[in-house]
Amino acid sequence: VQLQQWGAGLLKPSETLALTCAVYGGSFSGYYWTWIRQSPGKGLEWIGEINHSGSANYSPSLKSRFTISVDTSKNQFSLRVTSVSAADSAMYYCARRPFGSGGLMYWGQGTLVTVSP
Amino acid sequence: QSALTQPPSASGSPGQSVTISCTGTSSDIGSFNYISWYQKHPGKAPQLIIYEVRNRPSGVPDRFSGSKSGNTASLTVSGLQPDDEGDYYCSSYAGSNFWVFGGGTVLTVL
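First to last, the sequence lines map onto chains A and B.
Our numbering puts the first residue of the first sequence at 87, with every later residue one more than the last.
Our numbering puts the first residue of the second sequence at 19, with every later residue one more than the last.
Note that these hints are calculated values from the structure, not bench results.
Note that beta-carbon positions come from the ideal geometry of N, C-alpha and C, so glycine has one too.
Treat each hint with caution, since some may be false.
Incomplete in silico selection of chain A near chain B, CB under 7 Å [to be verified]:
(1) 148
(2) 179
(3) 188
(4) 189
Short, incomplete list of chain A residues facing chain B, as computed with Cβ under 8 Å [claimed, not checked]:
(5) 106
(6) 110
(7) 125
(8) 126
(9) 129
(10) 130
(11) 132
(12) 143
(13) 145
(14) 146
(15) 190
(16) 191
(17) 196
Residues of chain A clear of chain B, computed beta-carbon distances all greater than 10 Å [as the list claims (entries may be wrong)]:
(18) 93
(19) 100
(20) 112
(21) 162
(22) 170
(23) 187
(24) 195
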């Protein structure tokens, strides 16, 4: 199983961040596909997750500007963040969590996102 | 929805054991056994080392062990090795389809 992610790394305030994570190997169903971020000098932050049916869960503190979607035809899932600010500058990771487990076993390589005027 | 509380740093000499705590509340760690631990080295993605409180994924040495008591989970690293240096994060299910991470602990092998 490999997760490969990509997206724009440099944004201006108020723009929209869009990241995509492609899944290679293994089944796409039976898992929650997760986004996590790490701001500079800070810890990991759970953003949200989605299953193959499109049912998504979000961090209550981040919910309003964040949208996770899935494209099962391509075995991909995406993260969209509107109206970004400097506070959204972070390394963003995608990861896989099996149903009925809390462990994120497989991770993408990470995408560094910088928001700067 | 506060982050779980971890000590900012921990250290030990090669061969020694070190335990890292992760304190939550009765709404997260105290209520669920979906507790995971991750090791992170600079510039790399986190690696799962413990899931469901005490289970180790294939390939993770048995020097890593996990436990839970009440609202606190713990990760013990026995027989410390230089490669164990890095950041360690705990995570727990917090109910209502929400997951939370700890603030992280920097482990130094002296």
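For each hint, the structure was consulted:
1. 148: 10 Å, violated
2. 179: 6 Å, holds
3. 188: OK, holds: residue 188(A) within 7 Å of chain B, min 3 Å.
4. 189: Residue 189(A) check passes; min Cβ-Cβ to chain B is 3 Å, inside 7 Å.
5. 106: 16 Å, violated
6. 110: 15 Å, violated
7. 125: Result: violated, 12 Å to nearest chain B Cβ.
8. 126: 12 Å, violated
9. 129: Since chain B brings a Cβ to about 4 Å from residue 129(A), closer than 8 Å, the hint holds.
10. 130: 4 Å, holds
11. 132: 5 Å, holds
12. 143: This interface hint holds because 4 Å falls under the 8 Å limit.
13. 145: 6 Å, holds
14. 146: At 5 Å from the nearest chain B Cβ, residue 146(A) passes the 8 Å test, so the hint holds.
15. 190: 6 Å, holds
16. 191: 5 Å, holds
17. 196: 6 Å, holds
18. 93: 16 Å, holds
19. 100: Non-interface label on residue 100(A) holds, nearest chain B Cβ at 26 Å vs cutoff 10 Å.
20. 112: 15 Å, holds
21. 162: 18 Å, holds
22. 170: 21 Å, holds
23. 187: 6 Å, violated
24. 195: 6 Å, violated
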